[in-house]
Amino acid sequence: MLEDEWITLGRIKKPVVEMVNAVLNRTSKSNLPWPLQAQLSNRVIDAAQVVAALMDNNPELAMSYEIAAARSRVELAQKRSRPNITLGLEWIQMDKAAMPGGHRRDAFLAMVSITLPL
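Our numbering puts the first residue of the sequence shown at 5, with every later residue one more than the last.
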């Protein structure tokens, strides 16, 4: 895709240079200085500032963002309205010395926890 754009730019260079020369009242064969490489700066872009600027300057995008946020809040509220059920099983290994009479009996514990939303 980027290569296609590069080829397209190469094709339109000559007509664009001729139009600029015509606007400047120069001969169509005059050369214009053409940058060999784009001069890029190392800028740190704050995503929050970019989003805020987009929301301020594009009402349709801002509304779309608000709709998506509202849908997320509805989905979260639906998930929070469900009870949370936890099941567990635990095994405890007992030492012979800890038991009266020297008998060793391992223990199993079953656990159930239900959290109801209010």
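Hint data in this document are derived by calculation from the structure and do not stem from the laboratory. Model, not experiment: these values are computed from the prediction. Using N, Cα and C, we set each Cβ at its ideal position, and we do this for glycine too. Treat the hints with care, as some may be off.
[To be verified] Derived DEER-like restraints, expressed as beta-carbon distance ranges:
hint	residue 1	residue 2	range
1	Leu58	Val20	26 to 36 Å
2	Ile96	Gln53	52 to 62 Å
3	Pro19	Ala57	30 to 40 Å
4	Tyr69	Thr31	24 to 34 Å
5	Ser117	Glu79	46 to 56 Å
6	Ser68	Asp8	57 to 67 Å
Comparing the hints with the structure gives:
1. Leu58 to Val20: 26 to 36 Å: holds (30 Å)
2. Ile96 to Gln53: 52 to 62 Å: Hint holds: Cβ distance 56 Å, inside 52 to 62 Å.
3. Pro19 to Ala57: 30 to 40 Å: For alanine 57 against proline 19, whose Cβ atoms are near 34 Å apart, the range 30 to 40 Å holds.
4. Tyr69 to Thr31: 24 to 34 Å: violated (52 Å)
5. Ser117 to Glu79: 46 to 56 Å: violated (24 Å)
6. Ser68 to Asp8: 57 to 67 Å: violated (29 Å)
In summary, the structure is inconsistent with hints 4, 5 and 6 from the numbered list given earlier, while agreeing with the others.
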